[in-house]
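K.L.:
Here's the letter readout for the chains.
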Amino acid sequence: MLSRVAEAIYWMNRYMERAENVARFVDVNLNLMLDLPEGFGEQWSPLVATTGDTDAFRGRYGEATKESVLKFLTFDKESPNSILSCLRMARENARSIREIISSEMWEQINKSYLMVKEHAARAKSMDTPHDFFTAVKQASHLFVGISYLTMSHNEAWHFGRLGRLLERADKTSRIVDVKYYILLPDPAEVGSTYDDIQWSALLKSASALEMYRKRHGRISPPKVVDYLLLDRKFPRAARYCLSKAQRSLHAITGTPIGQAETAAERQVGLLYAQFEYADTREIIKSGLHEYLDDFQVKLNNASEAIHETFFALRPLEESAPESMAFSQSQSQSQGGQSQRQSRGR
Amino acid sequence: MRFDAYDTGGFFDEMFDAEGKPRPGYALLARKLAEQSVEELARRQAAAESALMNIGATFNVYGHEAGTEKIMPFDIVPRIVPADEWAKAEKGLKQRITALNLFVNDIYNDQKILKDGVVPADIVLSAASFLKPCIGLKPPKGIWTHVVGTDLVRDRDGLFYVLEDNLRTPSGVSYVLENRQVMKRTFPQVFEASRVHPVDIYPSRLLEMLQHVRTGSGTGQPNVVVLTPGPFNSAYFEHSFLAQQMGIELVEGRDLVVRDGYVHMRTTRGFQRVDVIYRRIDDSFLDPETFRPDSMLGVPGLMDVYRAGRVTLANAPGTGVADDKVIYAYVPKMVKYYLGEDAILPNVPTFVCFDDKERAHVLANLDKMVVKAANESGGYGMLMGPQASQAERDAFGDLIRKNPRNYIAQPLLGLSRVPTIIDGALEGRHVDLRPYILYGEDIFVLPGGLTRVALKKGSFVVNSSQGGGSKDTWVLRG
Chain A
0 MLSRVAEAIY WMNRYMERAE NVARFVDVNL NLMLDLPEGF GEQWSPLVAT
50 TGDTDAFRGR YGEATKESVL KFLTFDKESP NSILSCLRMA RENARSIREI
100 ISSEMWEQIN KSYLMVKEHA ARAKSMDTPH DFFTAVKQAS HLFVGISYLT
150 MSHNEAWHFG RLGRLLERAD KTSRIVDVKY YILLPDPAEV GSTYDDIQWS
200 ALLKSASALE MYRKRHGRIS PPKVVDYLLL DRKFPRAARY CLSKAQRSLH
250 AITGTPIGQA ETAAERQVGL LYAQFEYADT REIIKSGLHE YLDDFQVKLN
300 NASEAIHETF FALRPLEESA PESMAFSQSQ SQSQGGQSQR QSRGR
Chain B
0 MRFDAYDTGG FFDEMFDAEG KPRPGYALLA RKLAEQSVEE LARRQAAAES
50 ALMNIGATFN VYGHEAGTEK IMPFDIVPRI VPADEWAKAE KGLKQRITAL
100 NLFVNDIYND QKILKDGVVP ADIVLSAASF LKPCIGLKPP KGIWTHVVGT
150 DLVRDRDGLF YVLEDNLRTP SGVSYVLENR QVMKRTFPQV FEASRVHPVD
200 IYPSRLLEML QHVRTGSGTG QPNVVVLTPG PFNSAYFEHS FLAQQMGIEL
250 VEGRDLVVRD GYVHMRTTRG FQRVDVIYRR IDDSFLDPET FRPDSMLGVP
300 GLMDVYRAGR VTLANAPGTG VADDKVIYAY VPKMVKYYLG EDAILPNVPT
350 FVCFDDKERA HVLANLDKMV VKAANESGGY GMLMGPQASQ AERDAFGDLI
400 RKNPRNYIAQ PLLGLSRVPT IIDGALEGRH VDLRPYILYG EDIFVLPGGL
450 TRVALKKGSF VVNSSQGGGS KDTWVLRG
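Chains as they are written, first to last, in numbering that gives the first Met the number 0: chain A, 0 to 344; chain B, 0 to 477.
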């Protein structure tokens with residue numbers, strides 16, 4: 000299939016997934032604020048850190064307040080990771096591949112975008128934010144279901160799933176990183192104290208509380224980390240996402256899992272291995288934040304490798320050493336991976 | 000809905016003759032329409048429109064933000080062309096396209112017709128659409144004008160005239176196919192009893208034609224693609240629709256690259272050679288190295304590959320020269336020159352301001368004429384003499400005197416009309432007809448076409464940008 004088409008379907012899914020994740024963790028945080036005693040200090044800046052836009056946010060808004068963060072993450076047209084921007088990008092990608100995806104998928108994306116746009120135009124949308132965030136989450140769920148049921152599970156479909164799952168792994172790991180850092184600022188205290196409400200909120204940010212309870216029962220920070228990063232069966236856990244992403248990648252290339260013919264397969268394989276052979280206690284002992292930082296670097300490498308392997312075919316490529324593909328500086332201080340704008344008009 | 004109050008207004012009405020009797024082929028439709036209540040027709044009209052919206056047969060409105068897509072207004076009363084009338088039009092179109100293709104080939108190669116003085120060389124060589132980079136080109140199988148959408152009109156005398164040839168990248172065929180889908184649901188019984196030629200064959204014939212004009216003597220399936228300017232183009236729906244119907248890739252300029260002397264597309268499995276490009280972007284944007292250097296839509300180096308005979312472009316670049324409205328005036332002479340035949344389909348009588356005598360006539364009769372600039376379309380650069388003010392006519396007279404090469408004039412035609420549902424009643428509205436012609440192994444004229452209708456009362460302008468809609472066109476089997 001055309002590289003441009005593969006790229007469009009990959010990003011269409013990433014943006015849809017991104018919108019859903021932003022909606023979920025903003026919603027959970029709003030809910031949490033209602034439960035915390037006054038003076039506890041509102042925790043709005045971590046939300047911006049979760050999308051990797053801290054610098055851009057400070058430059059434009061200054062202090063992180065409820066209002067400024069909500070605006071930045073929901074309806075800010077200038078912010079590339081606001082829900083509105085994500086839906087707009089998902090729709091623009093979908094529009095360029097209408098003959099590839101099913102018309103039901105197109106209609107769902109189109110309707111979702113129009114719904115968010117309509118909320119953005121309404122002054123009072125944030126009076127009942129929960130309704131809005133629920134609508135965004137459901138729009139994404141519906142899209143995933145429609146994609147699953149109306150499109151052949153062919154190469155294009157696998158590019159979509161690859162994008163969606165890498166995005167989800169990225170967001171889950173960031174939520175864990177940011178929250179864990181805040182809840183336990185002193186590494187010495189890791190595993191010693193916790194606030195049940197806040198840890199529950201962290202699980203809710205990934206729609207994981209109920210499933211966590213079934214698996215582990217009581218809330219314990221290492222187990223929460225273990226569940227969100229290393230669970231094999233929970234569909235938002237990083238390991239689950241990477242395992243399925245890897246399967247889609249190999250469905251695309253036709254290479255058996257365990258072998259790697261392309262840079263994309265090597266990088267995604269490395270990424271998966273980091274979770275497959277991990278142990279929570281060791282991770283926490285050697286520093287969760289450092290571990291997740293390293294994960295972000297590898298994830299960026301994987302995205303970069305997918306881009307180079309499938310999307311960025313250039314006539315001169317054969318002669319260039321492959322390491323060239325990774326020579327670009329990887330800004331691990333987030334910044335968020337985003338689609339390259341190759342349109343010249 | 001009764002036709003008692005229906006008034007043909009002194010125009011040629013497609014459905015009723017001067018005595019108010021249905022013309023051949025229309026009797027059943029007229030009876031069926033008369034039986035329907037106003038509400039029933041309104042219901043069918045609404046159902047047809049919503050079906051088109053759901054299919055997504057939309058065009059983009061320029062200058063609005065993303066998400067403004069509209070359907071072309073659609074009227075459920077079809078326009079019917081009886082078999083014998085169609086047979087003549089079809090013959091005339093084949094003859095005309097044959098001559099035009101020979102003309103384009105001639106002027107980019109031997110220029111015999113210019114040397115023989117049949118068409119003035121000055122006019123051809125000064126045409127803005129005469130592309131010097133195309134001189135000496137020899138397209139595969141000698142075909143330049145692969146897809147043509149000729150605009151036909153009927154005057155008060157009921158005869159078909161050719162208004163424009165449209166040899167570049169005519170659009171609208173997707174509406175022909177989609178309108179038909181909708182009409183089969185709207186009037187199934189009338190449709191069935193009327194013995195209408197199907198139009199669904201178009202995508203298959205288009206693909207066959209494109210495969211036929213591949214370069215060289217390659218074996219195996221040639222790789223054929225549709226080249227679009229992208230989702231922001233007003234006809235993007237059609238590009239995407241045709242690619243989907245033919246089951247081939249829809250590519251943008253950035254998907255293509257010239258490599259090792261061939262055109263390739265970038266796929267997830269590497270570069271793949273492209274043999275035939277059905278391009279829906281204008282000549283001047285095709286290749287920034289040959290034409291407009293600021294083009295972001297084309298493929299650098301494409302014309303070199305084309306010149307070397309290693310890729311086919313449909314239509315060939317340069318065909319626009321015959322769309323020049325001054326050159327149009329000479330088409331009947333081309334038919335005679337190349338084929339030794341009289342043109343079956345006449346031109347609209349055209350005065351060429353380049354000629355001193357004809358210019359004098361035009362300037363003396365501006366209040367009776369329609370004046371058109373040689374290279375404009377879509378209603379731009381035009382004077383509707385009878386409706387214009389004296390000041391507008393004077394201004395146009397000056398333009399003509401300053402640059403006579405650039406203008407032609409035609410009498411104002413009284414375009415034929417078809418009953419159309421307007422505010423719950425049937426009223427006559429003016430129409431034209433655009434059949435689609437494919438030039439491959441043979442010349443194929445799709446039995447059908449786009450009937451555009453001017454929905455505004457009294458208007459002769461059928462363009463969708465100016466309040467025009469469309470109707471299904473039923474060509475009857477003999």
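Honestly, the hints are just simulated from the structure, not real lab data. Glycine residues also receive a C-beta, built at the ideal position from the N, C-alpha and C atoms. Worth double-checking, as some hints may not be accurate.
Which bits of chain B does chain A cover? Going by a derived footprint, with three or more residues having C-beta under 8 Å, they are [unchecked claim]:
hint: 1; region: 105-115
hint: 2; region: 465-477
From the derived model, a few chain A residues whose C-beta atoms are all more than 10 Å from chain B [as the list claims (entries may be wrong)]:
hint: 3; residue: R3
hint: 4; residue: T53
hint: 5; residue: S95
hint: 6; residue: R121
hint: 7; residue: K222
hint: 8; residue: K243
Not close to chain B: a few residues of chain A, all C-beta gaps over 10 Å, as computed [what the hints assert, rightly or not]:
hint: 9; residue: S2
hint: 10; residue: R97
hint: 11; residue: E98
hint: 12; residue: E154
hint: 13; residue: K232
hint: 14; residue: I251
hint: 15; residue: L312
K.L.:
A separate judgement is required for each hint: does it hold in the structure or not?
P.N.:
Outcome of the hint check:
With 0 residues having a beta carbon nearer than 8 Å to a beta carbon of chain A, the region 105-115 of chain B misses the requirement of three or more and the stated coverage is violated. Proximity of the region 465-477 of chain B to chain A, defined as three or more residues with a beta carbon under 8 Å from a beta carbon of that chain, is not established by the 0 residues found. For A/R3, the non-interface assignment is contradicted: its Cβ lies about 5 Å from the closest Cβ of chain B, within the 10 Å cut-off. The beta carbon of A/T53 sits about 29 Å from the closest Cβ of chain B, which is more than 10 Å, so the claim that it is off the interface holds.
Distance check on A/S95: its Cβ comes as close as 5 Å (rounded) to a Cβ of chain B, failing to clear the 10 Å threshold; non-interface status is violated. No beta-carbon of chain B is positioned within 10 Å of the beta-carbon of A/R121; the least distance is around 17 Å. Distance check for A/K222 against chain B: the nearest CB is about 40 Å away, which clears 10 Å, and the non-interface claim stands. Against chain B, the non-interface label of A/K243 holds: every CB pair exceeds 10 Å, the least being about 19 Å.
Against chain B, the non-interface label of A/S2 is violated: not every CB pair exceeds 10 Å, the least being about 4 Å. The beta carbon of A/R97 sits about 5 Å from the closest Cβ of chain B, which is not more than 10 Å, so the claim that it is off the interface is violated. The beta carbon of A/E98 sits about 4 Å from the closest Cβ of chain B, which is not more than 10 Å, so the claim that it is off the interface is violated. The claim that A/E154 is not at the interface with chain B is violated, since a C-beta of that chain comes within 10 Å of its own (minimum 7 Å).
Every C-beta of chain B lies more than 10 Å from that of A/K232, the closest at about 30 Å, which supports listing it as non-interface. The beta carbon of A/I251 sits about 7 Å from the closest Cβ of chain B, which is not more than 10 Å, so the claim that it is off the interface is violated. Not every CB of chain B is more than 10 Å from the CB of A/L312 (nearest about 4 Å), against its label as outside the interface.
Going down the numbered hints, you'll see the structure goes against 1, 2, 3, 5, 9, 10, 11, 12, 14 and 15, while the others check out.
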